[in-house]
Amino acid sequence: MTMQEMRGRVAVAGVGIAGLDATGHTELEILGLAAKRAVADAGLTLQDIDGICTASVSSAMWVMPVVEYLGLRPSFQDSTMMGGSSFVAHILPAMHALLSGQCKAVLVCYGSTQRSSTLNRAEIGRYRRVLDPQPFETPYEPLNPLSSYALVAARHMHEFGTTREQLAEVAVAARAWAALNPEALKREPMSLADVLDARMVSDPLTVRDCCLVTDGAGAFVLTRSERARDLAQPPVHVLGAGAAVWHRQVSMMPGFTTTAASDSGARAYAMAGLGPEEVDVVALYDAFTINTILFLEDLGFCAKGEGGAFVEGGAIAPGGRLAVNTNGGGLSAYHPGMYGIFTVIEAVRQLRGGCGARQIEGAQIALAHGNGGTLSSQATAIFGTEAAL
Amino acid sequence: MSEPARSADALPAMGPEARYFEALREGRFTVQRCDACARTIFPPRILCPACMSEDLSVIEPTGLGEVYSTTTVRRPADKGGDYNVAIITLAEGVQMMSCVKGIAPASVRIGMRVRAEVVDGRVEFTPEGSAS
Numbered sequence: 001m002t003m004q005e006m007r008g009r010v011a012v013a014g015v016g017i018a019g020l021d022a023t024g025h026t027e028l029e030i031l032g033l034a035a036k037r038a039v040a041d042a043g044l045t046l047q048d049i050d051g052i053c054t055a056s057v058s059s060a061m062w063v064m065p066v067v068e069y070l071g072l073r074p075s076f077q078d079s080t081m082m083g084g085s086s087f088v089a090h091i092l093p094a095m096h097a098l099l100s101g102q103c104k105a106v107l108v109c110y111g112s113t114q115r116s117s118t119l120n121r122a123e124i125g126r127y128r129r130v131l132d133p134q135p136f137e138t139p140y141e142p143l144n145p146l147s148s149y150a151l152v153a154a155r156h157m158h159e160f161g162t163t164r165e166q167l168a169e170v171a172v173a174a175r176a177w178a179a180l181n182p183e184a185l186k187r188e189p190m191s192l193a194d195v196l197d198a199r200m201v202s203d204p205l206t207v208r209d210c211c212l213v214t215d216g217a218g219a220f221v222l223t224r225s226e227r228a229r230d231l232a233q234p235p236v237h238v239l240g241a242g243a244a245v246w247h248r249q250v251s252m253m254p255g256f257t258t259t260a261a262s263d264s265g266a267r268a269y270a271m272a273g274l275g276p277e278e279v280d281v282v283a284l285y286d287a288f289t290i291n292t293i294l295f296l297e298d299l300g301f302c303a304k305g306e307g308g309a310f311v312e313g314g315a316i317a318p319g320g321r322l323a324v325n326t327n328g329g330g331l332s333a334y335h336p337g338m339y340g341i342f343t344v345i346e347a348v349r350q351l352r353g354g355c356g357a358r359q360i361e362g363a364q365i366a367l368a369h370g371n372g373g374t375l376s377s378q379a380t381a382i383f384g385t386e387a388a389l
Numbered sequence: 001m002s003e004p005a006r007s008a009d010a011l012p013a014m015g016p017e018a019r020y021f022e023a024l025r026e027g028r029f030t031v032q033r034c035d036a037c038a039r040t041i042f043p044p045r046i047l048c049p050a051c052m053s054e055d056l057s058v059i060e061p062t063g064l065g066e067v068y069s070t071t072t073v074r075r076p077a078d079k080g081g082d083y084n085v086a087i088i089t090l091a092e093g094v095q096m097m098s099c100v101k102g103i104a105p106a107s108v109r110i111g112m113r114v115r116a117e118v119v120d121g122r123v124e125f126t127p128e129g130s131a132s
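Quick mapping for you: the protein sequence lines, in order, are chains R and V.
For the first sequence, the numbering used here begins at 1 and goes up steadily by one.
For the second sequence, the numbering used here begins at 1 and goes up steadily by one.
Please keep in mind that the hints were generated in silico from the structure rather than gathered at the bench.
The beta-carbon is built from N, C-alpha and C at its ideal position, and this holds for glycine as well.
Just so you know, nobody snuck in bad clues.
With a straight-line Cα cutoff of 25 Å, these simulated DMTMM-like cross-link-like pairs (lysine to aspartate or glutamate) come out: (1) Lys101(V) to Glu141(R); (2) Lys186(R) to Glu165(R); (3) Lys101(V) to Glu60(V); (4) Lys304(R) to Asp263(R); (5) Lys36(R) to Asp21(R); (6) Lys104(R) to Asp230(R); (7) Lys304(R) to Asp280(R); (8) Lys79(V) to Glu123(R); (9) Lys101(V) to Asp120(V); (10) Lys304(R) to Glu66(V); (11) Lys104(R) to Asp50(R); (12) Lys104(R) to Glu226(R); (13) Lys186(R) to Asp21(R); (14) Lys79(V) to Asp197(R); (15) Lys79(V) to Glu141(R); (16) Lys101(V) to Asp82(V); (17) Lys101(V) to Glu159(R); (18) Lys79(V) to Asp120(V).
Now the stretches of chain V that chain R is said to cover, found in silico as 3 or more residues with beta-carbon under 8 Å: (19) 67 to 80; (20) 83 to 90; (21) 97 to 106.
Build out the structure end to end from the sequences listed, making use of the hints.
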């Protein structure tokens, strides 16, 4: 089966979010709640799940405790860990497994208690330097991941004249969307001045150019499309998916102003047989404001270098020219360590309808994009309603 | 049962990364050059990522470079104050993370010509032409 033949053959049948405040709970506990919600949303039970995809920031063998905890005996498992893009990247291998008959229902799931955990973050940082050394960057004490994104933002500003005000537009638009999402954790109004005058952390990025640090778990269920049509929700079909990894350390990024999203996006568009002009809703991994600008460019919503101008004047805010991060994004809704899975959940919710005040009327095609590491790994998925097939 | 092929597996006592950091401790900044395709390589590797050759020479670069990007990491004064983190493109064409010293962190500019020096076992840069 070619990639193009896989288009529209697998669908998201259920989604779930849990534990945005996980105080007193473990990661497995909130992951379990999100998993149950996604499975129930699909009209299935955990006993129907025979495929699993999951990843963890701290546990290198995370699929084992997850399978144990949920009582699964999967015939397909993928625990590939490439940072926050992992859960978007899991979609394509899951499609292969579903379409080959290796399994019938795949649960993609993640949970993080990053905010409420009593683990000392400085201590985690020390362990990480031993277990996952980056000896050519660590001696310079970049405040990672923030400083890596700051270095990329500074280069983008230098090459294209992108301004701090344009970066701030991204944060303000995300906040305006969050105000329409009852689930979002930061909903109070925020102005461009609030972002520009916020505490500078690693130039040119202020604390308001950075995503939230929250708890949270997310999950979604994939089945073959023909099965999804008989389940509880309108199926949201996977039209295209692709991933790309180019480097690990930001210093090894080949040219700071184009990310591997240009590859992952091209693969997803080619499989889906469509282009950015046909996308109604966009969910991008906005760990930092520069991400949104880079991914709008690399995914073809505007030309390279024009991302800053593209977002000006509320163009990606509610009522703007392109609906971007309608849940409020990692900048204002929630960001539990690895946000990628939530881009898929928001894309699916928009295509089903019923997003209330933030619903994009008549949305038929949505794009979800995950990012990992220091712009190191990228994964893109394109979804469509029944009408988009 | 055949004997393990010890000779084929025999590796020198130090790999390229250990040799790099040993040179740094001795005050020497080194990069590699591929003998087969002439590509300059950094960080040090056991084979050329372009042509897979294991014949890599260790060379001392000119030390001249240019600031490709820069950020000032804000830190309270009582913890040492602000500091610079920069990406430097060496004259030999390779890119590395480092820092620019000798001027205020926020005065470092993209495009600035800089020169490498080894300080306390790490490579740092100062603006070209400045007294160091």
